[in-house]
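Taken in order, these protein sequences are the chains called A and B.
For the first sequence, the numbering used here assigns the number 43 to the initial residue and increments by one for each residue that follows.
For the second sequence, the numbering used here assigns the number 512 to the initial residue and increments by one for each residue that follows.
Derived from the structure by calculation, the hints contain no laboratory data.
There could be a bad hint or two in this list.
[What the hints assert, rightly or not] One-sided excerpt, in silico: chain A residues whose CB lies under 10 Å from chain B:
#, residue
1, GLU78
2, ASP81
3, LYS96
4, ALA142
5, GLU143
6, LEU148
7, VAL167
8, ILE169
9, CYS196
10, VAL199
11, GLY236
12, LYS249
13, VAL259
Backbone N, C-alpha and C fix where the C-beta goes; we use that ideal spot for every residue, glycine too.
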Amino acid sequence: MNNYIYYPGCSAKTNAKHYEESILPVFKELGFDLEEMEDWNCCGATATMSVDEKKVAAINGRILSLAETAKKDILAPCAACYLSLKKANSFLTGGTDQAAEILARLKDIGLEYKGTIEVKHPLEVLINEIGLEKIKEKVQRKLSGLKVACYYGCQVVRPFTNFDDPDYPESMDKLIQALGAEPVEYAAKTRCCGGALAANLEEVGSKLNYILIKEAVKKGADVITTLCPLCLFNLEIMQSKIAKKYQVNIKMPILFFSQLMGLAFGLPKEDLGFSRSLIPLKAMWKKLENGGANEQ
Amino acid sequence: MEIQEKVIFEEELDVNFLNDIKKASLCEEIDRCIQCGTCTSSCPNAEYMDYSPRKIIAMIKGGFKDQVLKSFTPWLCSSCYNCQVRCPSKIKITDIMYALKRKAIAENVYPVRFPIAVMDKEMDKILTTSGRSSELWLMLNLFLKTLNPLGLLKMAPLGLNLLKTGRLSLKKESIKNKKQLRKLLKSVKGGT
């Protein structure tokens, strides 16, 4: 039972390797052997969209048609890829003259896209297809005692609101709860981290990320989990800038939700990319040990 | 405080600007704006903008082409789509911001050393030639183009940390079938 082809996107191969390192084994554990798309290209993210509209449709059209050739729907863990592909898909299947032109150009290079592909985010598949019951069955090691702020960011829940609420989504919270951890009430869960702006405009980036981290600290979270490589990156690298600018000492671990899933499933800790964290995880491990002890 | 009077005369306005923007995909609903300001109040970056999103919409409708295209506002839009999902008139504001960015780049009036505009252009270049983005090369090009060697220096500790954790690739990423991609991109060129 596997109707998905894995589209990693550029981040999962570089700064978000631990996303791939955790999402693939977790899905395997759940019976999904995810095969990576052959010779996939970048989705263009927010950059190409700011430069050339036709180009975005064309490069995403290439990805969609590669999936169609493989006869599989796309599983895209990165928020920017997910959105770009979904947006291009709705454009290319819209029946407009502009869409017809791009489709014709794709045909010229031997790629046909009939519009049969769906683009999904892993979280959507975990919640709606696999289901929390099956996930609970797989849990070997409950993450008891761990308080988690689930951060969704923007582009998975907006503007395509397919599987959760655009303002106050809850799917990741339910998932984290199924692992035995405790999701905290996190009002900032869909507030923007600044995306590609954050690192380039430090003043904007440090403030936006400070709001996100401060709220998590206030709610007693031990860790923030996210589903977007850029959110994770910003939340990590901004902490030193926040410390300087706002005179605070914050060491908030930022992890992919899939890393916590792998941990709860009893997969080897060393294989889930925890060593890639830029923030020390010591306090979190200690909390987990204690949490487990309290449970017994 | 010195009070300055800013007057823009009717002949300085561009009556075609609104129609130009409406032609971009997903921007056709802009006429329905009721100026309620939900976009501005939903925007995480509004306080840094020279014109709020609500004002930008009004200015597009009024034909303030020059002011709008030179504005920092589109470049401070981080594409969070908050305004877009909340707009009671269902105007796709984030997509309008994208249309403005494209137009500003096409007409070469974007804020020249503003890092976001330069980064978007550089990333577009990298992926047009190789099919995939390479963060290290993107950052290097960005700091070169924005004439900001100090910025590069400041990034060094982070770069080292990323290298240590295996999260920075030194090689230029690329797809195999570059020829196919280039042919495709060449054939669709010319769209804004």
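Going down the list of hints, with the structure as the test:
Residue-level restraint check for GLU78 of chain A is violated (minimum Cβ-Cβ distance to chain B is 13 Å; threshold 10 Å). Given hint, ASP81 of chain A at the interface with chain B, holds; its Cβ is 5 Å from that chain's nearest Cβ, closer than 10 Å. The interface hint given for LYS96 of chain A is met, as the beta carbon of that residue sits about 3 Å from the closest beta carbon of chain B, less than 10 Å. Of the supplied interface hints, the one on ALA142 of chain A is violated, with its beta-carbon coming no nearer than about 12 Å to a beta-carbon of chain B, more than 10 Å.
Because the closest C-beta pair between GLU143 of chain A and chain B is about 8 Å apart, less than 10 Å, the hint holds. The closest approach between the C-beta of LEU148 of chain A and any C-beta of chain B is roughly 7 Å, which is under the 10 Å cut-off, so the hint is satisfied. For VAL167 of chain A, the suggested interface contact is broken, since its CB lies about 22 Å from the closest CB of chain B, more than 10 Å. Hint status for ILE169 of chain A: violated, given a least beta-carbon distance of 20 Å to chain B, over 10 Å.
For the restraint placing CYS196 of chain A at the interface with chain B, the shortest Cβ-Cβ distance is roughly 4 Å, inside the 10 Å limit, so the hint holds. Of the supplied interface hints, the one on VAL199 of chain A holds, with its beta-carbon coming within about 9 Å of a beta-carbon of chain B, less than 10 Å. The beta carbon of GLY236 of chain A comes within 5 Å of a beta carbon in chain B, closer than 10 Å, and the hint placing it at the interface holds. For LYS249 of chain A, the shortest C-beta to C-beta distance to chain B is roughly 9 Å, which falls under 10 Å, so the interface hint holds.
Look at VAL259 of chain A: its Cβ only gets to about 19 Å from chain B, farther than 10 Å, so that hint breaks.
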